[in-house]
Amino acid sequence: MNNYNINILVVEDDHRISRFICYTLSQEGYKYKSAGNAQNALGILVSEQMDLMLLDLGLPDFDGMEVIKKVREWSEIPIIVISARDQDKEKAAALDLGADDFLTKPFSTTELMARIRVAMRHMKMNASINKNPILSTGDLKIDLEKHLVFLSNHELRVTPMEYNLLALFLKNIGKVLTTGYIIQEIWGKGYGNDTQALRTLMTGLRRKIEYNPAKPKYIITEIGVGYRMKDY
Amino acid sequence: MNRHFINRQKIGYKLTLMVFLIAISSLIGYLFRYMGFPETNIVIVYLLAVLISAWIIDSFLLGIVASILSTLTFNYLFTKPYFTLSVHDSSYMITFIIMTITSFITSSLTSLAKKNELIAKEKEMETKSLYSLTNQLTDVDDIHDIASVVVKALSDCLSTRAAMLCFDQEGNPESSFIQQASIDAQVRRQIYDIDEIKRRMEELRTSHDEWGEFYDWPIYGRESILGIIRIPSEDAKNMNETHTHLLHSMLESTALAMDHIRVSEQRIKDREETVQERYRSTLLKSISHDLRTPLAGIMGSSEMLLDMTEKEDSRYILAESIYNDAKWLHSLVENILSLTRLQEGKLIIKKQIEVVEEVIGSALDRFLLRTGEREIVVNIPEEPLMVPMDGRLIEQVLFNLLDNAYKHTRYDDEISICVERDEVSKIAKFVVSNNGTSIPSEDLPHLFEQFYTTEGTNGHAKTGIGLGLSICYAIIKAHNGSITINNLTDEQGVEVTFTLPLEDYENE
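Listed in order, the protein sequences are those of chains Y and B. When the first sequence is numbered by my numbering, its final residue is 247 and no position is left out of the sequence of numbers. When the second sequence is numbered by my numbering, its final residue is 537 and no position is left out of the sequence of numbers.
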């Protein structure tokens, strides 16, 4: 992947963090712009072609949520939210509003780069999803056309529900899916917010795809927020 | 003895008075006869004497004596033959009988009226003193002021030197009590047998306790004994029914007033505590938040430096130690945040049904992100285990335990997590163990105390400030679970066991 054509907008009010993120980005060959507040960020987004946004939720002028809402009105640009660890609710809300991923402070640069790669890949995949019906991560593979799941090249028997769940995760590899979002996608909008059914479904699926469900290789739990399919 | 003596004296005095009144009536009778008035008037005068003597003498028995005596005197002095008790005119017999009956009724009615008046007076006094006591008590805003007011009121009513001993919030007697010394002076007296008094009050099955210098009446509040009213023994022995009744009424008003003050004191205290607690946790929270951002900067920048430096370069070690220290500080900040969340009160525990494997997986994920690759053995039941818990906090517990294990083990020592379901006692049992260094037995009991650290640990051990385990303890306690730490018996190493109830009783 040629990073030189990718423009990243860093929205962070703390200069130290902003500086080191920008430095890391430049080291990796990304182009970047930085904004210290929401107003500037929105200004840059409108006037320039940006490919990804790193957004700190605690901005001096606007709430980060507001920024996500505004941006999602007219843009599909991937948004990675940067937040503190105990803001589970905010994280889930940000994801439900349309953010693609979140990073918890403090994060390592490797983690940051991995997330950016996932987000970019995800965007490209979205564009080509109809062309390639086979999605995979690690030894896990799904054929969306034939409705088949493979683990280490062996076909895996899954229930229709488990298939739907797995397909949803593989379409969103690396991305955190909130429990609310998953329930809505699997059971439909009218289902409400009963997480119990999802947990049961998830434990069942884990027992099929994971070697040890307590040390998951594929589906990682983000306590209080949701789940993430790991990208290998 | 004394009392009897007084009574005898009084009866003598009353008799004299009665005889005197009848003598006066007789004199008036002679005067009437001299002036030629009919005898009926003389009878009326005698009746008056009986009435007056009944009023003054205030005794039913003496009233009867007076009526008979006056009839006899009338017979003796004014009916023919004079100066004898015999009569010639038999119609006098009727006069005598009616006179006796009339004076008898008069005297008994009078003494009854007298008695009622006395009762009314006592009632009035009781009401009055109770009213004034209640009135005074409403203006008081301290337990000891109540004691002072009550002691004064009681001493006035019962004309004694009453005393009162207050109990403190925990229900223990205070070390001194207040006593009325004279009409307008009170003294504070030391108590030497607090425990004895407390014991006696707790074992008390009657309304009061007769013991030593005082008779003690406990003041029962809504929840516990609030204090003791003490009446000096010799006065207490002489108390009549009215006095006892008054005392009990006063006890009740006192209990009410004391309870009221206790409640409002508690409310003020609670409010202060809440405000303080909120202030403290807001402070800690904002500190932690402000710490996180620069920490993220330090960690990020030092990591960048690490990436840019060759391992052989002496600057690599410097960058690495900056990075490690920042990492350590970060885990400290996270722990402090968990602690503030906990200490804000139980409400913060948001119990939800969580799948144990997810929580373990999440904790492992975080742990491995921090420490790098490390083999952790995990054993969970085949059947998915659902436990009501605050997932984030239990994840923190597991993370802290893993982190501790990591600090006290070498790379090839085993660290394991094992979870079991106990059907009998309806708990989920988590065991986090390692084959690292054992803990000196003298340290074991203190490990869950805040800020307790062990000395002389090796391996990855870094001087901690001893928050990790105490946070685990606080979190598990808040979940109504238990947590213990032991050295392994058959091999080297340490195991921490914690349990969580499978059913959430609080929500039922």
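Calculated from the structure, these hints are not laboratory results. Check each hint, because a few of them may be wrong.
Claimed, not checked - Distance condition first, Cα-Cα at most 30 Å in a straight line; then the derived DSSO-like pairs of lysine-lysine: (1) Y:Lys-230 - B:Lys-458; (2) B:Lys-356 - Y:Lys-223; (3) B:Lys-150 - Y:Lys-104; (4) B:Lys-181 - Y:Lys-104; (5) B:Lys-43 - Y:Lys-104; (6) B:Lys-43 - B:Lys-181.
Stated by the list, open to error - Footprint (simulated), chain B over chain Y, 3 or more residues, beta carbon under 8 Å: (7) 32–40; (8) 223–232.
Unchecked claim - Only some residues are given here: those of chain B computed to face chain Y with a beta carbon under 7 Å: (9) Ser-282; (10) Leu-285; (11) Glu-332; (12) Ser-360; (13) Pro-413.
Note that CB positions come from ideal geometry on N, CA and C, so glycine has one too.
Hint-by-hint comparison with the structure:
1. Y:Lys-230 - B:Lys-458: holds (18 Å)
2. B:Lys-356 - Y:Lys-223: Status violated; Cα separation ~36 Å.
3. B:Lys-150 - Y:Lys-104: violated (73 Å)
4. B:Lys-181 - Y:Lys-104: Between Lys-181 of chain B and Lys-104 of chain Y the Cα gap is close to 62 Å, so the pair fails against 30 Å, i.e. violated.
5. B:Lys-43 - Y:Lys-104: Violated - the C-alpha atoms of Lys-104 of chain Y and Lys-43 of chain B are around 94 Å apart, more than 30 Å.
6. B:Lys-43 - B:Lys-181: Violated, at roughly 36 Å.
7. 32–40: holds (count 6)
8. 223–232: holds (count 5)
9. Ser-282: violated (52 Å)
10. Leu-285: violated (47 Å)
11. Glu-332: holds (5 Å)
12. Ser-360: Not OK, violated: Ser-360 of chain B not within 7 Å of chain Y, min 11 Å.
13. Pro-413: Where the cut-off is 7 Å and the nearest Cβ of chain Y is about 4 Å from Pro-413 of chain B, the hint holds.
In terms of the numbered hints stated before, the structure departs from hints 2, 3, 4, 5, 6, 9, 10, 12, listed from lowest to highest.
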